[in-house]
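Protein chains in written order, with my numbering: chain A, 1 to 296; chain B, 1001 to 1766; chain C, 2001 to 2161.
No lab work stands behind these hints: they were computed from the structure.
Just so you know, these numbers come straight off a predicted model, no measurement behind them.
Even glycine gets a Cβ: it sits at the ideal position worked out from N, Cα and C.
Do not rely on the hints blindly, as some may be mistaken.
[To be verified] Chain B regions said to be covered by chain C (calculated; three or more residues, Cβ under 8 Å):
1. 1245-1258
2. 1337-1344
3. 1546-1555
[Claimed, not checked] Heads up, simulated SDA-like pairs for lysine to any residue below, C-alpha to C-alpha not over 25 Å straight-line:
4. Lys1758/B x Ala249/A
5. Lys1455/B x Ala249/A
6. Lys1117/B x Ala249/A
7. Lys1117/B x Ala2150/C
8. Lys1293/B x Thr127/A
[Stated by the list, open to error] Quick partial rundown of chain A residues pointing at chain B, CB under 10 Å, derived from the structure:
9. Leu3
10. Ala55
11. Pro58
12. Cys74
13. Gly76
14. Arg80
15. Val232
16. Glu275
17. Val280
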Amino acid sequence: MSLADLARFEMTRQSSLDALCAVVTERHEKGLATILYAGGTDWMVEQEMRAPLAAEPPLVVDIGRLDELRGIACDGQTLRIGAATTYLEIERSPVIQARAPMLVRMAKDVGAVQIQARGTLGGNLATASPAADGVAALAAYDATVVVKSARGERRIAMAALQTGYKKSTRAADEIIVAVEFALPPAGSPWYWRKVGARRAQAISKVALAGVAVVDAGQVTRLGLGMVSVAPVTALMAATRALALGSPLAAITGEALDRAVDADVAPIDDVRSTQEYRRHVARALTRDLLRQLGAPV
Amino acid sequence: MVQSSPVETRSPSVGTSVPRVDGAAKVTGVAVYVDDLPRLPGELYGATVRSPIARGVLRGVRLDPTFDWSDVTVVRAADVPVNNVALIIEDQPILAVDRVNHVYEPVVLLACADKAKLARAVRAVTLDIDPLPPVFDMEASLAGAQIIAGEDNVQKRYLITKGCADVAGDDAAVRAASAAAIDAVIAACDVVVTGRYFAHHQEQLYIEPQGVVAWWDEAGAHATGSIQCPFYVHKAFTKAFALEATPSRIHITQAVTGGGFGGKEEYPSIIALHAALLAKKSGHPVRLIYDRKEDIEATTKRHPCLCEITSGCDKDGRLRALSMRVTMDGGAYVTLTPVVLSRGTLHAAGAYRWDDVRIESVAVATNTPPNGAFRGFGAPQTIWAIERHLDAVAVKLGRDPLNFKAQNVLREGDVTATGQVLRSSVAGLECLEKAAEASDYHAKRARGPITLGRKVRGIGGAVFMHGAGFTGSGERYLKGKVAVDLLAGGRLGIRTASTDIGQGTETVFRQIAADAAGLSVDAVDFAVPSTTTCPDSGPTVASRTVMVVGSIVENASKQLAARVREESAKGGGTFAEAADRLIAREGLITSLLQYAPPDFIQWDDAKYKGDAYPCFGWACDIAEVEVDLDTFEVTVIDFWSATDVGKAINPVMCKGQIEGGSLQAIGWALSEEITWRDGHITNPRMTNYIIPTSLDAPRFQTILVEAPFAFGPGGGAKGIGELPMDGGAPAIAAAVEHATGVAMASLPLTPERLLASKHAAERKGV
Amino acid sequence: MKISLTINGAPRELDSAPLVRLLDALRGPLGLTGTKEGCGEGECGSCTVLLDGDPVNACLVPIGQCEGRAITTVEGLGEAAHLSPLQKCFIDEGGAQCGICTPGMLLAAEALLRQRPDPEEPEIREALAGNLCRCTGYQRIVESVRSAAALRRAASEGAAR
């Protein structure tokens, strides 16, 4: 599309989440798309690559400053992050720094500061790409996605969210409102490592997010999310089972590699190769388990 | 009491880091790049319709009849008066006529005042092309099963011989005898090593995309744009519009240019021609600015290059004989390939002494977008090969590579592969020793790779030289000129076609002129390079701007100042007063000088023997790297460069060239890669064509070495623009080899390739 | 759509379709061509401006979202007669060569120095990681920012006394 086509779009704002839901559902029932625009860092780039607009452009609703989609709240047990929270806000949040530091570390690896100032968790979830760093981090926290439509509010567990490449159980007219997760105990080990083509402004070739609780040499809780190794964010079920199923000292590198192989289905693409992704998936997982105390 | 005029000064400017003169405009955002130019009345946007396939017969162009073409200008091949991009060979059409030879080949031009409509118009053009089998692989092209260009796909050949391989005559039997001779000498050597080395495409990725604004009026054709060489564009216009008889009716002006690195050397002729064709047909000014995707797809790249090397040396490490085959991929049209191949061939023997040399080089066509100028211009590719080869020889000898290279590096009085006696300004060994000392290379190398957790560190170096200025008699043919005007108040005004594209021409020339005239830098002006007002100084390429054109500036300024001082001595007064008197009496006073190359240069263009370059710049790069053994990511921790610049006119700018060029070399080595499918570039965006960010760049430690060239301005300045591109890649490969044992012969050293190499070595049990 | 915003401290108003990119609004109707387009996809950072103090890529921000907000462009950092320490250091220390990345680089550096008046080198490099430069190799840019930080600290200590 020519960027000049952008001039044909209209943009509105809604004063409340309910009003927004009503508009979105009404348009959806008429077969009309609505673009919910927060940071727009994915969408704007996609527009440049699309064919020129033949028909009427979809309506764009600016949701970047809708208060009900913003804010970081903690009640001691649960953290709730509004969907329109930017990565920069996450990095600057004292409660996230204290209780979910892995999110801060992940946020600093997203693009660069200009992208962090605009990109949001909600946007990342909506794009639903397996290359989304934020989605993997939320998966590691076993987060729940709160969505709302004119039909009411729903909660979708991260594990149940993605059904295929860029496909989700969230209905087309359900708006992502917030993410919630139970805070791990203070000081819980966490892991974030991103492997990209350069140290900033890179889409992950592979990235691994992990949050764990370890008790007397045994992993008692483990959340994992791996980026760019499958059509969806890889939740690493076999790896989790292995780590939870025996004392750390009994975990071997070979067994771990086999579990990782079962959990990933990497491909060759413009960014990397299947061989490399498989190798790095194993290496990062060993790195994580090693940090927890496994002799791998 | 004699008051000295404010323009005069006693303190020399050369050697001081005068802040760049165009700096204030750049840091305040008022510098005018081509797309900052205000829109002219009635200005249209331009766009290009390009071939979607790599090779075929163009049967026709169809404009969608349901589209409203009434306000769209359409230009096709038939609209082009002389449909050739004038460069070296007339093989490249400005717009395809009945054949297409690469994806993105321009076929139709469109202009419209409505940008959105223009984008739809591009899609409303259908090209009817009957595909033909394309050739993408240069070895396949050379083998000639499919002829896609000329009679045999060959765009150019060279042969350089020295010693036993030197045989008189040029027929097949003689060439075979020459090859047999070198093979025999090599076979008789103590240590013989053979290797194959490949260097890949690189995109210049100047941060400002290419662009031109063109219009026609009573004065003729005008084009202002992001241009390194206004007179190249001028020449292209005289040919295309049949204006050879009236060259003054073509006005090409450089806008402030956001990087070029060679990518804006010859390509702007095409984009300017396109804009001018649209402007001519529409009767309106046309603005043709590429977006990043089109820029990466359609413009030139560094030539891929395969070098096959066999060498022989003594047990004690003395190099004896070198046999090399160099194959370069020119892409679909010849463009500058003969010169790129020339420079690559002339640098292929490296910075070393050989008794016997035979280098045979060939450039072939493939059905890919034509390759072209990029900093280094063939030399980075062949230097990659010879450096990696000598690293392999060092391994076989059980010697440290840098130590082995020091033994063999050319010294003053030595003779190069073309028979050039290096009489002066030779600093290879000095650079090597300084870089080794600064980096503590020998101690680190002796300690072996150092493992820290899951990472391992290593160190490696490269030694190289780069010919400054045009090859052989190039400058004699070029007849480059500079004009320096005497202005009111005793100011000097430089008029030259040499452009500042970031490297600092505007500032350095002022320094040279100021010192030559005994004036302060503030007393010198620099005119915007325009073919209307400036003489043809030759192109801003080949590391010639300071050394060659700068010396004309120096002489012209000296001459003018001498006249003023003569007048001042005769009639009294300050420099400014004498200057004003002269101007009042004689009107315009200009010193217009042509370059006079040093007499000693003897070059035989037919035999490719003699003084290939007036002088060489020398350098040694040493890289310390850390390789992650889990991910094979390579981090460059430190990068030392001891670089001989002859004379540093502006030390900060010299270092800027060295650091910037080195990072381009590092990017080429580690992360930059053009990926292809069926002749299409699959990564034509900044998200997928990976250049280093500030977090990827190492700390640079630059040591300026000065081995003055007697004919260089300011006390001996030599060319510096390209030299820094030549050493980074082999230095990093050597460091990676030291760290991991993995010896890479092909670029780039991406983690995926390092992993694959390691796996392959493990399977072989190495 | 009528959009009112503050640019470089001055109230400005324009009438624009809301999804027009901030970059195009700045370079077109607002007459500020100092902000550059290098890639149009948020990778090169040459379009960096400050939006309510935070660096963003103007090529990815729709003008409609700028209602009531404060934008700083390179034109707001200082004019030739009154260069800011950052601008001056970029000139003196070789932080600018071809200059096309310079406006964006200056804004990213400005944002950093407002938050961290005494940054270490790794912080400087991280703050500038979204601004690609092809000419300099970044070292002179990092030196420029460091020098400017020192000048700014000295000036503010001087003012405080």
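Q. Which earlier hints can't be squared with this structure?
A. 2, 3, 4, 6, 7, 10, 11, 12, 13, 14, 15
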